[in-house]
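S.K.: Residues per chain, in single letters:
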Amino acid sequence: MTLPRLLDSYESKSIDDAIIMCRDLVEDVDYPTVKKWRDNGGKVVGHFQVYFPEEIVHAAGLLPFKVRGSNIEARQGESHFGSYLCSILKTSLEIALGGQVTLDMFVSHPICDSARNLAAVFGRNFDYPCEILYLPQNPNSKFAADYLRGEYARLAREVEKIAGREITTEQLNNSIEVFNKNRALMRELYAIKRDTPWLLAVDEAYVLVAVGGMIPREEHNALLEWAIPKIRKRDIAPQDRMRLVFSGGFCEQPPLDLLHVIAQFSYVVDDDLLVGLRYIVDDIVAGDDPFAALAEAYINKSSYSPVQHDLDKPKEHMLLKQIKAANAGAAIISAAKMCEPGLDEQVAYTKALDDEGIRYFVTEFEERMSNFDSLEIQLETFIENLLFA
Amino acid sequence: MSTTTSNLSQGAAATKDKSSIIGRGNKEGNQLFRDWYQELTTAPQRGEHSAYVFVMGSMAEVLQSFGIHTIFPEVNGLQTAVRHVADDYIAQGEDYGFSTDVCGYVKADVGLQLRGGDHPMGKIPKPSLAVYTNACNTYVKWAEIWERMYNMPSVTIDVPGSRAAGRHTWSGHVDFENDLKYVRGQINELITVCEQVTGKKFDIDRLRETMHYSNVMLERYERLLELNKAIPAPYNAVTDGTVYLGVANGFRGRAEGAQYFTDLVEEMEYKVANKIGTTFEEKYRLVFVGVPCYPIFRRFNEMFTEWGGAFVGSSYMWFASGGANTGFQYDLDNPMDSLAEGLLVTTRDAMDTMFFSNRQIVDNIEPYKIDGVVYHPIKSCRTVSTGLADNRRAVIDESGAATLFIESDHMDKRVVSEAQMKNRIDAFFEGLATRKVRESR
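So the protein sequences, as listed, match chains A and B. Residue numbers 1040 to 1428, in the working numbering, belong to the letters of the first sequence in order. Residue numbers 3 to 443, in the working numbering, belong to the letters of the second sequence in order.
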């Protein structure tokens, strides 16, 4: 099957201009790539943060679209929710109610109390299937992987109804290979950020990753394969900046301008921004039972986030490991406003960092915040303290 | 089901003296609670183990079969709120580092743990283990706090819920069997942990006994909810209902719990037979959706009863009973499979009544003769509250019911504005009065 090309031509652009093109796409609240896909007769499955087995949707010939909120005023969405809730819920509903994106199916996950409710809210407002994918919250059970295999098979049956055709083992294995390649490329991108952070700022890496959630992965792979060598050849001199790990971007996304502010003062050498797209940390071995392979990878080859409980991966230990692996000297411990899992984790993270003597900066953000003056001053002071204390 | 006397207590109600029956449920419920806290306070002295558990999927039957006490941090939390000391506990949790936007129950519990378990009702023992489902995601985050505080086993029982509104599968369906196998496996893993913690061998006959007591309780609990279809309603589903819920959770799997609900049904059947309502003249029949406002519990209720508003139903009595409202009956001939099925079906129902309850609310309007639906989302609990504004829109669209939407909190009085609340409630009743007049023409 020939996939329609959704990105404008970037091959003749400079890497800086290509990144600007990605930034424009990521910030475009009308999601032109999704529209273009639909205009070509394609169907779209929207999946809410954090992790989703996109391979299953891809194998059915549908576009998996990462629903990650939007920098849009939730004019309609606001009236469907109460006061004390995170912004991403409202703007994710807004883009659907407002027609910025049209979906054929919506899937949410029990990552938090609000996200699970979101499937019910969508279900009351749209005729297309809206459901919860019950990713296991007890990966330590020896029964979890087998359960998840069955849950993925159930999801596949629902997806097949949308696609109007069956998903074959061969197609799913092919999709796994496409996504293996995609994740490997993103790991390469993150390696550049970790090893030579002056070549790739956090906001630049972010848009290059984020665009993957709104185009077919084959096209994302082509973009990254084109971009990575060009990033490596950038003529940017390293500076004496603090190396930081940014934590708190696993679900609601900080505004790009916030990331840009951080990038002005520091090198963000690792982060959890859009970690769901990078959640599987190693290649999945395709084979006779691709559902089992996907399930096994979720349990045993995965990263961490505040919304997955795993006794083998205490989150504060994982953060310390991440900081050490990235050779970072400090951390930004952020959370989206009203994000209970993120706010809970801030306590564990900061206590662990205190114990290890690692300096940190605690902050909250909202996807639609627009004034960064105060944050800029605080961050600058924090970093000066680190550099000159 | 009609509101006639059940077989369980048929005849008994007719012979009882009115003075010995009416009010017995609240009186005995409160006494049971005091005794329960005393039992917990002295448990460590007797070398007995305690488990921290939650109301949705407490695994009481298994834990009771090992003689492990169940401690409900949610109940501990609400007790601090109704006794007007929650602020101190919450402040301690916030001083520890938790944000003002984190669940008040969690912060009050952190305060409680930091105080070594000192609680207005007694002394809460440290846990020998923690057991929690995913019915509320905050359960999981909460348990992670204990994992960091105490070196004890922490057992998740992951119970998949309904994937979409009304989409239920049952025994024999491939998806149900997949969920069931997972739940059953996790129960076995819990049993292994209980054996390690207590040094006792699992006794399936003791499990059968606890399941039998739960069967009695769940059957009576379902009946209790049915009885409030009567006019006037024999109990207040918010205030009295909270007492009943406390016993339903604290004494699940125990003889005292089974007896309590048997007596309670007898009391309510007597009241129904004699057309005895609560303490005021019932003018408007209301269903409550959300979590009660514990910081001003009595006053909150008064703001409704002053207008003759009676809470005849409450979604809280559905989900906070862990699905006891389903009346699920365990098959004692096949206890392990049945326990897993019961946990799956009842916890799923509890989740449904939080995420997908609009259909259930609409379906209850006619049989319970509901005049209005009162939504009370709270800042602390996103599980219950996130979908309520949208739920309300759906209920209005489907039924045209009069609704009230007031936000506050179940723990944190900084979020409770009594004056604003009263204005909204008064306006709601004025609207209801106008409706009644219009409908009577």
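I should point out that these hints are in silico values taken from the structure, not numbers from a laboratory. Remember, predicted model here, so these are calculated numbers, not experimental data. Where a beta carbon is used, it is the ideal one built from N, C-alpha and C, also for glycine. There could be a bad hint or two in this list.
[What the hints assert, rightly or not] The calculated label-pair distances, taken between Cβ atoms and stated as ranges, are:
{"no.": "1", "chain 1": "B", "residue 1": "Gly174", "chain 2": "A", "residue 2": "Arg1204", "range": "24 to 32 Å"}
{"no.": "2", "chain 1": "A", "residue 1": "Lys1181", "chain 2": "B", "residue 2": "Lys438", "range": "53 to 61 Å"}
{"no.": "3", "chain 1": "B", "residue 1": "Arg208", "chain 2": "A", "residue 2": "Lys1340", "range": "52 to 60 Å"}
{"no.": "4", "chain 1": "B", "residue 1": "Arg361", "chain 2": "A", "residue 2": "Glu1264", "range": "43 to 51 Å"}
{"no.": "5", "chain 1": "B", "residue 1": "Phe204", "chain 2": "A", "residue 2": "Asp1327", "range": "34 to 42 Å"}
[To be verified] Listed below are the simulated DSBU-like cross-link pairs for lysine-lysine, each with C-alpha atoms no more than 30 Å apart in a straight line:
{"no.": "6", "chain 1": "A", "residue 1": "Lys1390", "chain 2": "B", "residue 2": "Lys125"}
{"no.": "7", "chain 1": "A", "residue 1": "Lys1340", "chain 2": "B", "residue 2": "Lys183"}
{"no.": "8", "chain 1": "A", "residue 1": "Lys1181", "chain 2": "B", "residue 2": "Lys183"}
{"no.": "9", "chain 1": "B", "residue 1": "Lys202", "chain 2": "B", "residue 2": "Lys183"}
{"no.": "10", "chain 1": "A", "residue 1": "Lys1181", "chain 2": "B", "residue 2": "Lys125"}
S.K.: A separate judgement is required for each hint: does it hold in the structure or not?
M.R.: Hint-by-hint comparison with the structure:
The hinted range of 24 to 32 Å is satisfied by Gly174 (chain B) and Arg1204 (chain A), whose Cβ atoms lie roughly 27 Å apart. Between Lys1181 (chain A) and Lys438 (chain B) the beta carbons are some 60 Å apart, a value that agrees with the proposed interval 53 to 61 Å. For Arg208 (chain B) and Lys1340 (chain A), the hinted distance range of 52 to 60 Å is not satisfied, since their beta carbons lie about 41 Å from each other. Between Arg361 (chain B) and Glu1264 (chain A), the C-beta spacing of about 50 Å keeps the proposed range 43 to 51 Å intact.
Distance hint check for Phe204 (chain B) and Asp1327 (chain A): the Cβ-Cβ separation is about 37 Å, which falls inside the suggested range of 34 to 42 Å. At roughly 27 Å between alpha-carbon atoms, Lys1390 (chain A) and Lys125 (chain B) fall within 30 Å of each other, so this suggested pair holds. Restraint check for Lys1340 (chain A) and Lys183 (chain B): satisfied, since their Cα atoms lie roughly 23 Å apart, inside the 30 Å limit. With a CA separation close to 11 Å, the supplied pair Lys1181 (chain A) and Lys183 (chain B) stays within the 30 Å bound.
A distance of roughly 25 Å separates the Cα atoms of Lys202 (chain B) and Lys183 (chain B); the hinted pair therefore holds under the 30 Å criterion. Straight-line distance between C-alpha atoms of Lys1181 (chain A) and Lys125 (chain B) comes to about 36 Å, which puts the hinted pair past the 30 Å bound.
Hint compliance for this structure: hints 3, 10 are not met, and every other hint is.
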